[in-house]
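Asks: Chain by chain, the residues run as shown.
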Amino acid sequence: MSIFIDKNTRLVVQGITGRDGSFHAKQMIAYGTKVVAGVTPGKGGQRFEDTVPVFNTVAEAVHETQANTSVIYVPAAVAASAIFEAADAGIGLIICITEGIPVLDMTRVLPFVHERGARLIGPNCPGLISPNKSKVGIIPGNICKPGNIGLVSRSGTLTYEIIHQLTTHGLGQSTCVGIGGDPLIGTNFIHCLEAFQADAETAAIVMIGEIGGTDEQQAAEFVKHKVKKPVVGFIAGQTAPPGRRMGHAGAIISGASGTAADKMAALQDAGISVMKRPADVVPLLKERM
Amino acid sequence: MNLHEYQARDILRRHGIPVPPGEVASTPAEARAIAERFGGKVVVKAQVHAGGRGKAGGVRLAKTATEAEAHAKAILGMTIKGLTVHKVLVAPAADIASESYVGIIVDRASQRPMLIVSPAGGIDIEEVAAKTPEQIHKLAIDPRYGLLAHQALTQGFALYRDVKQARAAADIMQKLYTAVYAAGASLAEINPLVTTPDGSVQALDAKISIDDNELERRPDIAALRDVSAEAPEEVAAREAGLTFIKLDGYVGCCVNGAGLAMATMDLVKYYGGEPANFLDIGGSSNPQKVVAALRIITGDPNVKSILFNIFGGITRGDDVANGIVQATKEFPLKVPMVIRLTGTNEREGIAILERAGFAALADMDEAVKQAVAKAKGKAA
Chain A
1 MSIFIDKNTR
11 LVVQGITGRD
21 GSFHAKQMIA
31 YGTKVVAGVT
41 PGKGGQRFED
51 TVPVFNTVAE
61 AVHETQANTS
71 VIYVPAAVAA
81 SAIFEAADAG
91 IGLIICITEG
101 IPVLDMTRVL
111 PFVHERGARL
121 IGPNCPGLIS
131 PNKSKVGIIP
141 GNICKPGNIG
151 LVSRSGTLTY
161 EIIHQLTTHG
171 LGQSTCVGIG
181 GDPLIGTNFI
191 HCLEAFQADA
201 ETAAIVMIGE
211 IGGTDEQQAA
221 EFVKHKVKKP
231 VVGFIAGQTA
241 PPGRRMGHAG
251 AIISGASGTA
261 ADKMAALQDA
271 GISVMKRPAD
281 VVPLLKERM
Chain B
1 MNLHEYQARD
11 ILRRHGIPVP
21 PGEVASTPAE
31 ARAIAERFGG
41 KVVVKAQVHA
51 GGRGKAGGVR
61 LAKTATEAEA
71 HAKAILGMTI
81 KGLTVHKVLV
91 APAADIASES
101 YVGIIVDRAS
111 QRPMLIVSPA
121 GGIDIEEVAA
131 KTPEQIHKLA
141 IDPRYGLLAH
151 QALTQGFALY
161 RDVKQARAAA
171 DIMQKLYTAV
181 YAAGASLAEI
191 NPLVTTPDGS
201 VQALDAKISI
211 DDNELERRPD
221 IAALRDVSAE
231 APEEVAAREA
241 GLTFIKLDGY
251 VGCCVNGAGL
261 AMATMDLVKY
271 YGGEPANFLD
281 IGGSSNPQKV
291 VAALRIITGD
301 PNVKSILFNI
311 FGGITRGDDV
321 ANGIVQATKE
331 FPLKVPMVIR
341 LTGTNEREGI
351 AILERAGFAA
361 LADMDEAVKQ
371 AVAKAKGKAA
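Quick mapping for you: the protein sequence lines, in order, are chains A and B. Okay, so the first sequence: first residue is 1 according to the working numbering, each after it adds one. Okay, so the second sequence: first residue is 1 according to the working numbering, each after it adds one.
For reference, chain A alone in the conformation it holds in the complex (with noise of 0.2 Å):
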């Protein structure tokens, strides 16, 4: 098992010939990732690397091959658009890697998606992968390996440093899901740990969040009711100065709630093992396992 993805994600790259989309469709070709559609519109007819097929829209990419999943590398001016065509063909599972959509416009696009069951992970996410299994989005493939540790993380290159610290250690991941650094994403930790605690293949379960927004706090108390597995988490921006915006939209700290003191203090409080760094992440494992 793993979590969202797995061998039978069938995926459509939206923005299959584009400068990212190309590149990391071949990627994940590479992997082993079922793509089976590219969607480009104006270049409905041609083969991506003379094997998937390029559409004009998704909802013909879903018609012709079934896919099930999108992934959205257009950029951020018609990015939005990209998901609600997504939702709109009956997508069950979008990953928008995109960064820079303004948040007007995903307050519009999340109830979108959401009447029509879909669900949206990102945007301004490095996307998800099951080692071995499927991987859909940006993170490298290589760093990864499969095994029974579940990874949520808000961050992008954070997420590989973790990775990178499990695997070298010899501990291997069931799925690792980027959620995303916006201050709106269509998938948050609580959706991620639910599904972890879910997941017959999940042993224990790495969060790592940021300072900014209440998410963590949530996400602690729900770990606190609800997640029997065991849990490490990570804060960045330990040394951030309040109210400045550290690069993610979402890492802004407003008010006492979004500080990383009292999100690790939450964190400890339902029980969770706090990281003061990266590199800790192994031993709390160990010790919790």
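Since the hints were derived computationally from the structure, they do not count as laboratory data. Please note that the accuracy of each hint is not assured.
When the alpha-carbon atoms are kept at most 20 Å apart in a straight line, the in silico DMTMM-like pairs for lysine to aspartate or glutamate are as follows [stated by the list, open to error]:
#, chain 1, residue 1, chain 2, residue 2
1, A, 276, B, 366
2, B, 269, A, 262
3, B, 207, B, 124
4, A, 276, B, 363
5, A, 276, B, 274
Label-pair ranges, simulated between beta-carbon atoms [unchecked claim]:
#, chain 1, residue 1, chain 2, residue 2, range
6, A, 269, B, 138, 18 to 28 Å
7, B, 336, A, 168, 26 to 36 Å
8, B, 95, A, 88, 52 to 62 Å
9, B, 79, A, 289, 52 to 62 Å
Simulated coverage check for chain B against chain A, where a stretch passes if three residues somewhere in it have a Cβ under 8 Å from a Cβ of chain A [as the list claims (entries may be wrong)]:
#, region
10, 209–218
11, 264–278
12, 292–298
Just so it is clear, CB atoms sit at the ideal spot from N, CA and C, and this is done for glycine as well.
We have chain A already, so just place chain B on it with the hints.
Replies: Chain B in isolation, oriented as in the chain A frame:
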């Protein structure tokens, strides 16, 4: 991006919200001319991206045009929270019967725009929320339908018992909601929303923050950016496509990715050092970005060592290495540098660095420890 008060007032006015008159001046003479035109008492207000202007002496009442000129002279050039004042707003002093608060912010928890109103206006709303939370009224707006008339009126009655005033406030709230989406605002506040002795309801002071992701599609709003009101190194970073925030420490950090950049700063602190900055070179592989990053970091005289922490994903190790080599040719480094490079194309990157006489580490902790030690060696 933050707007100045006078810019925010212009936006509200354009959306039909009643805003009392006021004009902006860059010199004391201009302030005097405006005060003469208005006649009577005026308020001279510093236009700067910082709260607490009043407490800092940046808001002053003038009885005459001569006094307005003197106040402008005192305020222009003054520093409030590290930012220099280049402009003042000159406005007729209003007779105020009551002060309330109306704001709209995108709420993470409900994932909706949230209307916040309070009869306790004119003061810091976070203070009101902390001390008298019962004075705060919130409403999550469904963006599919917008702020409906009855919802706005209910909030209007939370501010005023008089139906005319409640309706006037409701109308302002609906227009403010329209303005938020039109301008691409992540925050729009009217504080205070005042009533005058004759009973009219007006937006006396306004604050608008624009979501940076909106600027590309809104050139008219992007043109409102006042570069003189921002820290120069942060302007240089933005123009180079980097995210940079200056801090008070001495270990200059250059990292790819915001989360890893924060974790790197934290680790500097963990090993007894102080980070000099937050700097995210982003997900691109452009060596020019690395050159720009090094130029900004080395421009800070407090920096005693430079730490690169690169975990290649989209970012390629060889591109970063090329950027480092190129940058150090353009401006020789005066402080030690520690490089951690792993991930995509790490072997190629390390080879490039070694040919240029630099060593690269694979481990983040080791790199941070060395950077802190070297900074302290230099400082001692």
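Asks: Please go over all the hints and tell whether each is borne out by the structure.
Replies: Hints, verified against the model:
For the hint pairing residue 276/A with residue 366/B, the CA-to-CA distance comes to about 16 Å; that is within 20 Å, so the pair holds. Restraint check for residue 269/B and residue 262/A: satisfied, since their Cα atoms lie roughly 18 Å apart, inside the 20 Å limit. Between residue 207/B and residue 124/B, the direct Cα distance comes to roughly 12 Å. Compliance with the 20 Å bound is thereby established for this hinted pair. Between the alpha carbons of residue 276/A and residue 363/B the distance comes to roughly 16 Å, so the proposed pair stays at or under 20 Å and holds.
Among the hinted pairs, residue 276/A with residue 274/B is consistent with the structure: their alpha-carbon atoms are about 16 Å apart, no more than 20 Å. Checked against the given bound of 18 to 28 Å, the beta carbons of residue 269/A and residue 138/B, roughly 26 Å apart, stay inside it. In this structure the supplied range 26 to 36 Å holds for residue 336/B paired with residue 168/A, their Cβ-Cβ distance being about 27 Å. Against the hinted window of 52 to 62 Å, the Cβ-Cβ separation of residue 95/B and residue 88/A comes to about 55 Å, which satisfies the hint.
Separation of residue 79/B from residue 289/A is about 54 Å and conforms to the stated range, judged on CB atoms against 52 to 62 Å. Coverage of the region 209–218 of chain B by chain A holds [criterion: at least 3 residues with CB-CB distance below 8 Å; count 6]. Given as covered by chain A, the region 264–278 of chain B passes the check, having 8 residues with a CB less than 8 Å from a CB of that chain where 3 are the minimum. Only residues whose beta carbon comes within less than 8 Å of a beta carbon in chain A count, and the region 292–298 of chain B has 0; fewer than three means the coverage is violated.
The structure fails hint 12 only (numbered hints given earlier).
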